[in-house]
Amino acid sequence: MNVVKLLSGNEALALGAYHAGAGIATAYPGTPSTEILEFIARFDDVYAEWSTNEKVAMEVALGAAYAGTRSLVSMKHVGLNVASDPFMAAATTGVNTGMVVVSADDPGIHSSQNEQDNRHYAKLAKVPMLEPSDSQEAYELMAYAFDISERFHTPVLVRTTTRISHSKSVVKVNRSRVVPVSQAGFQRDVEKYVMLPVCARLRRPLIEERLVKLAAYAETFPLNQVEWGELHLGVVTSGVAYQYAREVFPEASFLKLTMTYPLPRNLIRHFAAQVDRVIVIEELDPFLQENIQAMGIKVTGKEFIPRVGELNVGIIGEASGTAGLVAETLPQHKLDIALTLPKRPPLLCPGCPHTGIFFVLSSMGQRSKPPKAKGKAPKEPKLIITGDIGCYTLGAYPPLNAMDTCACMGASIGQALGMEKAGISDKVVAVIGDSTFLHSGITPLVNAVYNEGQITVIILDNRTTAMTGHQDHPGTGISAQGKETKAVELEHLVRGMGISDVNVVDAFNIEGIRTVVKNSLDSPELSVIIVRGACSVQVTKPSEPRAVDTEKCNGCGICLLLGCPAIQSEDEQVYIDTALCAGSACTICQQVCPRQAVVPKSKIKAAKSQ
Amino acid sequence: MKKFDLLITGVGGQGVILASDIIGEAALAAGYDVKKTDTLGMAQRGGSVVSHVRIGQRVWSPLIKEGEVDILVAFEKLEATRWGHYLRSGAIAIVNSHALPPLSVVLGNERYPTDEEIADSLGQWADRIYFIDGTSRTRKFGDVRTLNMFMLGCASLFLPLKVHVWKDSISQRVSSTMRQMNIAAFNLGRKEIRGVRI
Ligand SMILES: Cc1ncc(C[n+]2csc(CCOP(=O)(O)OP(=O)(O)O)c2C)c(N)n1
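Line by line, the protein sequences give chains A and B.
First residue of the first sequence? That's 3 in this note's numbering, and the numbers climb one at a time after it.
First residue of the second sequence? That's 60 in this note's numbering, and the numbers climb one at a time after it.
Treat the hints with caution; some may be incorrect.
Calculated pairs, BS3-like style, for lysine-lysine (alpha carbon to alpha carbon, straight line, at most 30 Å) [to be verified]:
| no. | chain 1 | residue 1 | chain 2 | residue 2 |
| --- | --- | --- | --- | --- |
| 1 | A | 381 | A | 554 |
| 2 | A | 174 | B | 221 |
| 3 | B | 199 | A | 607 |
| 4 | A | 7 | B | 226 |
| 5 | B | 199 | A | 174 |
Since the hints were made in silico from the structure, they are not lab data.
Produce the complete structure using the sequences and hints provided.
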């Protein structure tokens, strides 16, 4: 088989794992890793699942690797924080069949809550790490990753970044699926798999021995490549930084590392000895640089290359110019017309089931005022709304302004309890999405029950993981491979915890939402409100758009406070873009209009034709 | 083999990413090396979207360097202006002249640039700017999703790829029921740009 395809890094990783015989793939969605599982789930001869969170995904993959099936687990960088406990355990016990862990980092914070360099996890766990520099390598390295895992009885970390995962490049697909003769079944081995202190102590020196063997293997690893050029400059690099560096230093010699932990020390020494000067070009932390410096080799890199954010050819070129490595190029032409452009931040979609609840919280919390009231002094904000991560985090933006914290997935509930215990007298409100609640909101809610919290927890149940592209989750009743399965009922779950003040309310009923929120804020109990309504992107039923009756509209601008992209204004007159409006499935603007000026579109036409 | 660096910009939901995928696949079919990269994630929700497509003999960086874009294809004119400084001098800009004002403009907190400002801004770098109201032109198809094929048709005249290669790539990426309409939108784009091209 030999075909040439344009594949994203994520597709190539998934195809590589499939061809390498992965039998089980697990993941929790997270940009930029999500497409890995989506891609591999299409193959019928792989079991693929969305796990409730990354820790569970890691544990399922580990169980499979104990029991004779090659397993792949993928997540975004912060997912590995969640899964770090079983990851460290996997590094300690080792595996039976191959286990590959993909961590997709997000330099530049395109779609994350932080920036962190997960290469440190390889060193922390003392496991081998591979990093692709394009889709071809992503495809090829998977076969090596599974082999290394089995040969050295260790999970293998494959670290990719947004720019690798989400770039497409040409891949020669030259293999087909080969499933290794499985060592099926679980071989009981207490010393290996039961980490009682006495056993863990036995494993500990084996990990060090494994690392020494891996370092020897790294010397021969075929995807670590030297490309000789002129000898006055040698560039050590990896990942996408390699591609940028090739453009900035077209003449230099290169050592491109695909196995970046443990390092091939002899190879690096040999390379460094041949060139006059060695530099390291890497994104984020000086990981390669410090490890090479620790070998006693003189290298520079982070003295001039930024540690923060994503690199590109321009940044490396400018930094290298300042460092005297290339002829200093003047920064490319910058905008010389003083034109400040309006920003275009992402918005909640028209018909979004999150809009209504945030509008209610925004108005109860006095977070925004209509455009007409501009001159008036802002009111003192009321309510504290701890938030979480998902599409609904957009509720923090104007005009809604209805979220006060967002740290990491599941944090809203614990934070709300902490605020209450710190002495905040008003009832604190935590807002969390359904997928996020199932991911890591259950344990903090149990904690709030146990510790007699008096907070309001609002679960935004849009029946999907919208933020990352509409993946199913345990509440939807559909599996990652599209099969019908059991659905976890949120209201049963929270009642089962011992919470009695539980209300389910329609996401598109403003009065209903207002009433339950008000009742909950007045009640001294721990209360849960489930706001239920399907994500508008997934609603396909035709519905009649709304329109503004210009005779009734007095331009108060209340509807603009919803932040709905379908509601626009021209020359002070508000109008609704029919092509965008979600219509009868939503009607929130119709409900909030104090003058009943928003009506079904046909009413206006009918009135005009009379 | 000449190199072409294209920047495709627009607003989430306009089909920027599909259009840039098709350019990449057509170029690959024509024997070029290709790399392309998009902004995803938060930008999907009506935010600004940009996609880099690089084709040539051998492509290293997936991102185009500022000041090196040969062809800008903008599905919305504010989004054209936002990325103007990526153009090399002498570049070509194909701009959908239909405005989609962002919320801050609707709320009256920020100002949408005038057509003159947009033309002046792009004119600092671009040699030729084609303003075409693709949104109105494609209205007759009754499906806003045809705009990307229309813009693709406009751009296709500036790339040395055969028409059948374009059509094959489009056919592979759209469902069979939508094929005819998409090809028609593509053809309309080609015709439009022929009409105004000097
Ligand atoms: C540990 C971790 N894993 C994954 C993500 C990526 N992520 C952010 S929000 C989210 C889920 C959002 O789903 P939900 O809570 O249902 O809200 P929705 O977007 O549907 O409104 C995911 C998967 C993350 N930020 N952190």
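Which numbered hints fail:
5
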